[in-house]
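Please put together the full structure from these sequences, using the hints given.
These protein sequence lines are chains A and B, in that order. Numbers 1 to 111, taken from this note's numbering, label the letters of the first sequence in order. Numbers 1001 to 1898, taken from this note's numbering, label the letters of the second sequence in order.
Hints in this document: simulated from the structure, not taken from any laboratory. Certain hints may be false.
Reference excerpt, derived from the structure (chain B facing chain A, CB under 7 Å, subset only) [unchecked claim]:
id	residue
1	R1004
2	E1024
3	S1027
4	L1028
5	M1031
6	A1032
7	L1037
8	G1038
9	L1042
10	A1043
11	A1047
12	E1050
13	D1759
This one's a predicted model, so the numbers in the text were calculated from it and none came from an experiment. Yeah, the Cβ is synthetic: ideal placement off N, Cα and C, and Gly gets one too.
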Amino acid sequence: MEALYGVLDMLILRTLVFGPRHGYGLAAAIRDCSDEALTIEFGSLYPALKRLELKGWIVARWETSEHNRRVKVYRLTPAGRRRLHDESTDWTAFVRAVARIMNPGAKKATS
Amino acid sequence: MFWRRLPYLLPWRRRAAERDMQEELRSLAEMAAPGELGNLSLAAEDAREEWGWTRLEQLAQDVRYAARGLRKSPAFAAAAVLSLAIGIGATTALFTLLNTLLWKLLPVRDPHTLLMLGQRSPTTLTAGFTYQQYELFSSHAPTLDLAAYAPVRLNVSIAGSVEPTLEGQLVTGEFFPLLGVQAAMGRLLGPEDDRVPLGHPVVVLSHAYWRRRFDADPGVVGRQLALSGTPFTIVGVAPRDFFGVDVGSAPDLFAPVMMQPAVMPTTVNLLDRPNVFSTWVRIVGRVQPGASLAEAAARLDALAGNPETDWRPRDKFTGRPADVHLEMRSAATGLSDLRRRFSQPLWLLLAVSGVVLLVACANVANLLLARAAARQPEFALRLALGASRGRLMRQVIVESLLLSALGGAAGVALAFWATRALVVYASSGHQAIVLDLSPDLRVLALAAAVSALAGLTFGSVPALRAARVRLAQTWRRDAGTASSAGRGPGRVLVAAQVALSLVLLIAAGVFTRSLQNLSPADPAVDSGRILIVSVEPRGSGNRSGPGVAEHFDRLYRNLLDAVERIPGVESVSLARTAPLSGWTLGYPVSPAGGTAARMVSSTIVYPKFFSTMDIPVLKGRDFTEDDLRPAATPAVIVNEAFVREFLAGREPLGTAHGVRQARGAPPARKGDPPRFEPGNPLNIVGVVKDSRFPTLRERTSPLVFQTFLQANTGFAQMVLHVRTTARSAEVVPAVRAAVQAVDPIVPMAAVHTLSDEVDAALVRERLVAALSGVFAAVAVTLVCVGVYGLMAFSVTRRRGEIGIRMALGATRSDVRWMIARQTMATVIAGLAVGVPAAWISGRLLSSQLAGLLFHLTPTDPAIMGAAALLLAVVGTCAGLLPAHRAARVDPATTLRSE
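Structure (structure tokens):
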């Protein structure tokens, strides 16, 4: 579960690259992008937003949505962008490493 | 990011964030399908965690809860806080004193680079130098800035009237610039005030004196005052916190050292008399920027190797330089005689106060245990409702820490008062000790650390017990069976208290007994009926001129006549030295038949000295007028110790015993030690009883009394001894006036009673005895409270059991005896640990304590036995009331409620 914390943070940052979103929109975007493979509980997503905000990677602002509602919108900060870059690099390395272990034959075949 | 979380510490920031979050969650819930977002309050709870101060809020909650709990049981809170305040206060007070004496930096620029010069001989380190040595060092140390100062007693008169004698300092021109001290008003002394002897009649006031005597008058600069008759101009006021370099003293005036002959008319001119070896100045210095200390030290050390600049004092007889070398020490914390005299007793008392604190902690732990036992149902209920054991433990610990914080705060307040009281006590009978006792960060940190540690110490036992609350057992209504399990730690704590108090009681006993051994037994001394005052007329520093000694003799006899006529004076005499200052004269004696001379101590007295000091004349007579004539046959009086060591059963009176005064003879070869040959026979006219003076601690050594004009000495100062008939308070002003009249412009010494002098000489012993006595009394009181509390609690818990016993035929005295037996078992268990503990610690510390104990070892069996007996009796008595209450249990009532 601990590892998923970081993953959730990364997913939020990545989703915000496409533009600012409010809390509900973020949950929906992650669900849609992953073809509904990943369903993030709002109960986990919301505290993660607060955490990222405290770390200075995202900022929140009250805005008026297209449906004329007052919503709190989160957007990526430059620090968040850098963080996302680092995380995705790490993530790619991690996935490769796991893949090599899980599937040693596949790597030989490609090389 | 820690700093982003910081604003959330503020309650209104947290409330604003909370409102914001609720609004956001509401807006999101409106968008989503019902139930889609899950449990929103849980999400909010987790989000709040992210702000990170949840634990803190819980802590605040615990503190509030604990405070409420303490308010509900004020007796318990008061008892606990008071015990802790005494323990923490005592420790903090002693630490404050140690801190001030040992570690507090001087209020000067850059205290860490300030140095102090000292003369190191194989056995001693002294800070005194002659002015000529200072000049030599200054001119031969190019990389070293040096300054000198000298404490001096001052005769001050303002507008023609003589003021009480003041303490002051003579300083060189570099003194204030070197220390980097700035004037509070006007200017301080500088190099321009240090050029010509007697050429700079200017003076700087201390801040305290300026306020005390001049009411902080802003126009004081430019006014005149006279020192020993010489007019001086006030040029400035020193800063408030500046008391010179000597910690504990408080000079009121600073004058240029060039004015020494004017302000010290009693002594010779010390500025230009290199043949007078008087080490009256102290030297401080700093290494110049960029220069090295080692190099400067080496350069100074090399001076002794060159005959031109050899500064070392020479032996009077051999002419060989003494075996001393120069030492440079840090003067960051100043120079203090108090440090040498008091640091050991203060460390000892700090340890003792630590033991008191432990006893207090045990007491509070016991109180908390009883409280925790009473709160078991509450804890059990909370556990059943889902509180974690950790949370319960934390709550008990928080309550303990709150108690210790309150106790610590009260303790610091107590210490603030106690340190001042202690300083007053330590300076009783003598010149006031002035110390900067304001608690600094170090003291407050210690008090906080001690309080926290104490809180954790006494809180841990009940906290662990709170964690072990068993639900089933607590809710079963049983009065008797569970009790034995609950008493265990309480009994151990009380036994520990008994053991620790025993150690304190023995310490108090040993120190008090030692003080009694030291104190002189003369009731006239105790009641303050003997007055002592030094008489130092102008020029009395040197009597070796034609007719000079006769002049002083006339002066002194007139003084004796004048004082004798004062109503209330029983008898009066003069002696060379004060009773506790030691004999300064040496008297060479050739034993009968032998040739080897021995030096014995000697002093000069006028007639009636022995009756004034209540020293019985055992044989022969006192000096008479006739013996005072220089032409008369030299007559001496000796003490018993002299008779024992030199006369071996022969008749002491007269000259037939064969003992002679020895005469100095030229050494056979140059460089040999001094030689003596037998001279005139010793004409002994009287034998007096040995007296405890001057050294209360040691056996009296052989002593020869001589008369003023027959003695061979260079000094003429004397000390007046007055025995009064009743209370001395009315006589003191008259005596003071008579002494000042001998020479109106010299600084006059204060008139002390002999009991003041004894008190001052025994101040360390008195301090240790008084404080250890107070600590022991506190500890024994705490033990009584502990025993009473334990037994009262136990009786309450065993009420049912006692009822059953009585129903089955136990008599009231059986019950009383059962409870008393339990009390005694606890006390005796404590004593069984305490006696060996006291014995071992006494043995381990015996070498450290040797300096404070007189004719006594720390493991004195009589004192240990008495202390153990006292504790056993007092402890058992403390258990009597609960035993009595147990005996009054009514079986019918108790059994009905079962």
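How the hints compare with the structure:
no., hint, result
1, R1004, "5 Å, holds"
2, E1024, "4 Å, holds"
3, S1027, "5 Å, holds"
4, L1028, "5 Å, holds"
5, M1031, "5 Å, holds"
6, A1032, "6 Å, holds"
7, L1037, "4 Å, holds"
8, G1038, "5 Å, holds"
9, L1042, "6 Å, holds"
10, A1043, "4 Å, holds"
11, A1047, "4 Å, holds"
12, E1050, "4 Å, holds"
13, D1759, "67 Å, violated"
Of the numbered hints given earlier, the model fails hint 13 alone.
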